[in-house]
Amino acid sequence: MRDDKNMQYKRFYRVMPLPSTMVLLLLFFVPLFFTLSSAFVTEQGFTFSRIAGVFTDPYTQRIMLFTLLQATLSTLASLLVALPGAYLIATYSFRGKRLILALSAIPFVIPSILVVLGFVIFFGNNGFLNRILMTLFKLEEPPLSILYSFPAIILAHTFYNFPIIMSLVSSYWEHMDGNCETASYTLGATKAKTFFSITLPRLLPAIISAASLVFLFCFNSFAIILVLGGGPRYTTMEVEIYRQARMLGQTGSAAALSLFSILVTSILLLWYNRTQKRLALSETYRNSNRLIEKKPATLPGKLLALFYTIVSSLFILGPIASVVVRSFMASSSRSGAEAFSLKWYRQLLSLERATGHMNSALQALSNSLVIAALVALCTVPLALTLCVAIRKKEKGSLLELLGMMPMTVSSVIIGLGYYLISARIRGGLLTSYSLVVLAHMVKSIPFVLRTILPEYRKIPNSYIHSSLTLGAGPLRTFLQIELPLLRGAMLTGAIFAFALSMGEFNATLTLANSSIVTLPIVMYRLIGSYNFQGACALGTILIAVCTLVFIVSELAKGGKYDR
Amino acid sequence: MTDDGLSCSLKASYQDFNLDVSFSVKSGELACIIGPSGCGKSTTLQLIAGLLPLNEGKLVLNGRDISHTSVHERQIAMVFQDYALFPHMSVEQNIAYPLKIRKVGREKRKERIARLLSMVALEGYQKRKSQQLSGGERQRVALARALASDPKLLLLDEPLSALDAKLRKHLREEIRRIHDETGITTLYVTHDQEEALSLADRIIVMHEGRVMQEGTGEQIYNEPANLFVATFMGEGNALPYSIIPKTLVNPGGTDPFVFKPKEGKHTIFFRPEEVLVQDNKNLPLAEYLVHLQFKQAEVLSCEFQGDHYRLVCSWEGYPIISHCSHRPQSRNVTLGVRVKHIREYVDGQSVTKPLLPPVGE
Amino acid sequence: MEVLMNKHRYVCVLVAILTLSFSVFAQPAKESKELVVYAYDAFCGDWGPGPAIVEEFEKQYGVKVNLVSAGDAVEMMTKVISEAGNPWADVVIGITDDMAQKMYDANLLQRYESPVLSDIPSFLHFDPLYRLLPFDYGNFAFVVDTERMKAQDIPTSLASLVDPKYKNKVILIDPRTSSVGLGLLLWTIEVFGEDGYLSWWEAMKENALTITDGWSSAYGLFTEGEAPLVLSYSTSPVYHVTYEETTRYQTAIFCEGHSTTIEGVGILASSNQKANAQKFVDYLLTEAQLTIALANSMYPVNSKTELPAAFDYAPKPKKSLSMETEILAKNLDRWLTEWTQVMSR
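Chains as they are written, first to last, in the numbering used here: chain A, 195 to 757; chain H, 4 to 364; chain Y, 4 to 348.
FYI, nobody ran anything at the bench for these hints, they're computed from the structure.
Glycine residues also receive a C-beta, built at the ideal position from the N, C-alpha and C atoms.
Mixed in with the good hints, there may be bad ones.
[To be verified] Label-pair ranges, simulated between beta-carbon atoms:
| # | chain 1 | residue 1 | chain 2 | residue 2 | range |
| --- | --- | --- | --- | --- | --- |
| 1 | Y | Ile330 | A | Phe331 | 52 to 60 Å |
| 2 | A | Asn373 | H | Gln352 | 44 to 52 Å |
| 3 | H | Asp7 | A | Leu212 | 38 to 46 Å |
[Claimed, not checked] Just so you have them, the derived chain A footprint on chain H, three or more residues with Cβ under 8 Å:
| # | stretch |
| --- | --- |
| 4 | 85-92 |
| 5 | 95-106 |
[Said to hold, decoys possible] In silico negatives: residues of chain A with every beta carbon more than 12 Å from chain Y:
| # | residue |
| --- | --- |
| 6 | Ala284 |
| 7 | Trp367 |
| 8 | Ala439 |
| 9 | Met599 |
Isolated chain A (complex conformation):
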């Protein structure tokens, strides 16, 4: 079967990606263009010298290499941890599976400062893990001084990112036909060989999709690297961009560095796209849930599943749980021991010590929820239209690259771009809300795109052709045939968009002119006024609310399996 690209409905497919392109254009590309163009402008006028200087400077090259190195290693580590989990989820049914999937978006919800804090509380030299081990084994010194080193960076990145790989790959895996594997077994191959020669290559579209997201995230990572890495030895491009833009106010230099970053990541993305296309075989689409049957049968299988669950729980839950536990601890008296207490929650919710009457934590929570819901609702259709255009149009891969761009650019640079917007647009509450929602959408589009695209590519052309020959136009075909087959992916995408929006901080602050206060903003304010426990309490509320939302949606997704 020839591919779809030559179909007659050029006009329909040309129109489809327009809304998302507009959003991306207005809230990303235009501000980005203005900010980046300052890289070419010095007092002498238009020049390439600054860019050339950046590219050829050995220091810049060194940190570029380091940034690439840590991103690659982090991605590989996340893959290593995530794939067994994806296998377990895709193949077996076991209790708590829904919960694990529901929790996989939680890391994105938490602002990075709490991630760092959670890590420290759990893995730190004075953290839970070490303290438990020290009391258990009666040690003097903390046995696991993992933090403040290069491995700590990889560890933290893995914590943050492996759930998304697990989630994306497992949902793709579930819908894969098992016939090839069965054929392989009958040909005499072992399970291991089958996995590496047959299954793994077939999984590559989903793996590459998720891995590219993770890579980009780690590439632009900032706080985690500096704090947990231990020092300037581990400087990344983002740090240098931050330094130029914030400390020195040299937008031009920051823009030049950013261009360098964007160039490198775009090349990598293009390479990813190439491999993805080659591997996008038309898989037989299996909508059935083959999970219902199996439980790990053999003892080694059971042990492995158990071991994996424990270790990954340490990963996912450890830091999160630390934050939660910390929020419930308070000293009851001057130098008394810490004990369970709801003190911080009482403070938060009744505004003890608050010197003003502005937004309470509860209002911030409702703001965050409303914005996040809107973002989820709007990003999914937009990303969908992009997916359709990517699949059907000639310049599909260019669109795919454009859709991924928001992730390749440093948040500092994007922030600068937002200043341009907020300087020109000064409206009321509605404008602020819209801008914030749009900015969050721009940030989520790459994620939702990556979630939906592999699944979308798997829908066989014959389904679509079939519908057309039966008399349905392209719109009807899209709504009644393609869309229902993407429900699971859309829901996963919506969950991630929701999570990203809940945890987003920078854009909200810049664009909202403080008329809108969201939960992360309140969290940072608490931290800024020494109230770390309060921030933990708020973080716990945030995690609890999001977990609830995610569990509900996982259940909703589960219901769909019966169709």
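Assemble the complex: chain A is given as a structure, and chains H and Y must be docked to it using the hints.
Frame of chain A; chains H and Y shown alone:
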């Protein structure tokens, strides 16, 4: 170009080959496109359905030029090789899909679905899901769904290739029966010659993007217009013309033979079932007399086909396939063939006239 | 069922649009005569001094104030500068003496010699042209966790911090990404001079547990007990004394003196409410001083302000060090580059 039914002349250029076909199918006819893999038959179907753009050429269906109409407006239904049943819908919903598009009311829909399902012998299957159906059942649902859209032309793209032999034979009959019942113009693509020969009112043989011959099954089989069709449809023996002097036999009292080789590659061709096999020197010759005789042909293999034996023999290095009613008793046999069963081809094209004047049969 | 799902989706979007549009109608009419004040985010938050100050000011003077949070101090400055063509703010709060040069260069501020300045000690008048007036200040200092460090081990000078006994016991902050970290960098330059500061940092590589991206992470690690010494402000213990009722965290006073950081407030030249703006600035420098000191955990500039007992735990250093804004601006890039070179080896 006829006014009714389908008439198409398609020209298109692709990476691997160029397509240039032109044929017509009468209204109500069941025509078959057959050819080896890669000859362009699926591409032709897709062009007719509109799934591929037609840059050069013309497509007329029932008097209407549909060369540039959109797919969903052509009223052409297609059944795909993988059946393409929508997995998120039940059988009933799948068949209802085209009916809903045409705004058929709920009661009427139920009625039509029931009628269609009984036509394809799947009564009561409404609530089942496609995952629960076997291959043959899925194919029939796909057919029912295509018929539900009330098409002016039905395209079937190798619909039976994924099924086992017995099922294929059975469904073949079903398809023919349904076609006769509904009277819809049908174009059927297959690579199975048996299917084509038994099913079609008209066969179109394609090779490398071109139509090699168009005609009824008998015409295609008995009077292949070129060597490709001759060797592709059924089995045959193609030997160079130059062997004739070596094999010629004079039946008693006949006129002298005229051996006239032509310019270019001159080939003779005959079917295995027309070859007479004599396996015992001592036994008399077969009932009739042959014109060409291949003495001392060594039997290489003998396959039992149920109603006959298929022999592959080697005569002076040329392989000759023949059918025999019994297993040959000796290693070497004598093969013979009559003139009226021999066709001549020069450079692949048919130039047949009788080799010798007919001798009183 | 699928069609129902789609209808569901459209309904949701519709509802969302309706909800949004309600907020349009719920929005009160814009006051044209409001005083727009930009401040950094911590100032504007519930736990910052902003809301209370604004409320009081509005009550006293009947002027409507719109307090706008604009990110941290640097982001706020960037915002103001980028809005030069279409300015909105009348007053900008929170530009420190470290970063003021950029503000001066942008030439957006209006000179204002407030009558209240006489109550403010002269060493705090960091802008001779009074484009920026100080409203609070602090000293950078190392805070020590007395439960994790014995009294005799508490360092008494910057120089002593390099002692091997402090290995992995100090949390520092990166000057490239944090103004507090930058404060430490300048402090070391002020104490050791341009020739000596790098060797201090080089030696500290051993003793630093980590060098964080900002004050929040550093102080967070500190309160989690990862290390007993952290770079912060000399006023940090005040918070713990007041709200946690513990004197566990104390300031280490260094004999070489401490570097000061002064936060300033300025009126924009583009403002069309200069009179109200000046009133606000005066208010900030007088009646609002106590609120600011308490909420920000910084020292008030107004010497007449009476501080609560908790501030006894925020000792003032014997020597106050500072650097001229111009010198800073000229050399900052070079210093940061040199620092990076030394620290990344």
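Check the structure against each numbered hint from earlier and tell me which ones fail, lowest number first. Number 8 only.
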